[in-house]
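Those protein sequences? They're chains C and X, same order as listed. Number 116 marks the last residue of the first sequence (this note's numbering); no jumps. Number 283 marks the last residue of the second sequence (this note's numbering); no jumps.
Don't take each hint at face value.
Unchecked claim - Facing chain C, a subset of chain X residues (Cβ under 8 Å, in silico):
id : residue
1  : P135
2  : Y160
3  : L275
4  : P278
Said to hold, decoys possible - In silico DMTMM-like links for lysine to aspartate or glutamate, alpha-carbon gap of 25 Å or less:
id : chain 1 : residue 1 : chain 2 : residue 2
5  : X       : K228      : C       : D80
6  : X       : K228      : C       : D10
7  : X       : K177      : C       : D8
Stated by the list, open to error - Quick list of the computed label-pair ranges, beta carbon to beta carbon:
id : chain 1 : residue 1 : chain 2 : residue 2 : range
8  : C       : G25       : X       : G260      : 37 to 45 Å
9  : X       : G260      : C       : I68       : 33 to 41 Å
10 : C       : V63       : X       : E267      : 22 to 30 Å
11 : X       : A271      : C       : L23       : 22 to 30 Å
Read the hints as simulated data drawn from the structure, not as lab findings. What you are looking at is a predicted structure, and each value in this text was computed from that prediction instead of being measured. Note that CB positions come from ideal geometry on N, CA and C, so glycine has one too.
Here is how the chains run, residue by residue.
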Amino acid sequence: MNHRFSDDRDIQRSFDALRDADLEGAPGYRTLLRRPRATESPRSTIRLAGAWAAGGLALAAAVAGVMILFPARHADVPLDNAISQAQEMSSWSAPTDTFLEVDSLDSRSEPPADRP
Amino acid sequence: MVERPAARTLEDELEELHPLAFGWALACCRRDRALAEEVLQNAYLRVLAGAARFDGRSSLKTWLLSERRREWMTGRFLARFAVQRAVPEPPPDPFTPVAASERAQAVARALKHLSGRQREILHLVFYQGMTIEEAADVTGISVGSARVHYERGKARLRLLLPAEAYR
Chain C
1 MNHRFSDDRD
11 IQRSFDALRD
21 ADLEGAPGYR
31 TLLRRPRATE
41 SPRSTIRLAG
51 AWAAGGLALA
61 AAVAGVMILF
71 PARHADVPLD
81 NAISQAQEMS
91 SWSAPTDTFL
101 EVDSLDSRSE
111 PPADRP
Chain X
117 MVERPAARTL
127 EDELEELHPL
137 AFGWALACCR
147 RDRALAEEVL
157 QNAYLRVLAG
167 AARFDGRSSL
177 KTWLLSERRR
187 EWMTGRFLAR
197 FAVQRAVPEP
207 PPDPFTPVAA
217 SERAQAVARA
227 LKHLSGRQRE
237 ILHLVFYQGM
247 TIEEAADVTG
257 ISVGSARVHY
267 ERGKARLRLL
277 LPAEAYR
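Hey, can you work out the whole structure from these sequences and the hints?
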């Protein structure tokens, strides 16, 4: 069954003209078949691109594996040094803390009393 | 499964279908003639080497177009990059008179502004002389979808083609 209708003849004529133009200068079957292959086939080009992509993925996987197996170690800190550093940090006071002391009231430790 | 015809016979068949196959290659490669020739040569060699086998379920022409379509899709994949690099071509002006000798160029330019599926279906029907059912078979879509692409493609083509191209 043909679904083309009579009002499609205009489009048909355009395609007929296109077909005639395509065949002008088109290589013959035997010429095309027997001529040397000038370039790599698209398929092989795709295959080459795939190989490069696979190689890149393998390299990334190798780098990730090395990073997992040999993680970067932080510098070891002796326990005694760590304890003394923590004590120093807890006893540290800022030089401006004296400004908070008003009338011998240490506002840092004693909250101000409510006024009646 | 039907046995593949002898190489000599198959080659004769290919030669007979060559003009239409070349047109199909051009359509699939977005009118890039050099790429179409290269892809078509690869397709012929592949068919003759037996990498693609005719199973007898459809006509040889339908089978060849659909089987080679895989090869040409690869070519079209590469052609897409070439098209992206190129400066986009403006659509034809519907009000510009077109000489009869330029009708082919006008329809070729207009086809570039259709979707890939619309272009394929219209090519198979009007250029290859197939029915919509056969075009659907080649492109691997349902007949209903093919009919939708066919109608929409025609409507778009009528808007794009200069009026003089119809005369």
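Evaluated hints:
Nearest Cβ of chain C to the Cβ of X/P135: about 6 Å, under the 8 Å cut. The hint holds. Contact between X/Y160 and chain C, as hinted, is supported at the beta carbon level, the nearest pair being about 5 Å apart and thus within 8 Å. Because the smallest distance between the Cβ of X/L275 and any Cβ of chain C comes to about 12 Å, over 8 Å, the interface hint for this residue is violated. The criterion of a C-beta within 8 Å of any C-beta in chain C is not met by X/P278, whose closest approach is roughly 10 Å, and the hint is violated.
Between X/K228 and C/D80, the direct Cα distance comes to roughly 77 Å. Violation of the 25 Å bound is thereby established for this hinted pair. Between X/K228 and C/D10 the CA atoms are separated by roughly 19 Å; this keeps the pair inside 25 Å, and the hint holds. Restraint check for X/K177 and C/D8: satisfied, since their Cα atoms lie roughly 24 Å apart, inside the 25 Å limit. For C/G25 and X/G260, the hinted distance range of 37 to 45 Å is satisfied, since their beta carbons lie about 39 Å from each other.
Judged by the Cβ atoms, the range 33 to 41 Å given for X/G260 and C/I68 is violated: they are separated by roughly 52 Å. C/V63 and X/E267 have their C-beta atoms about 54 Å apart, which leaves the hinted 22 to 30 Å range violated. At about 28 Å, the beta-carbon gap between X/A271 and C/L23 stays in the expected band of 22 to 30 Å.
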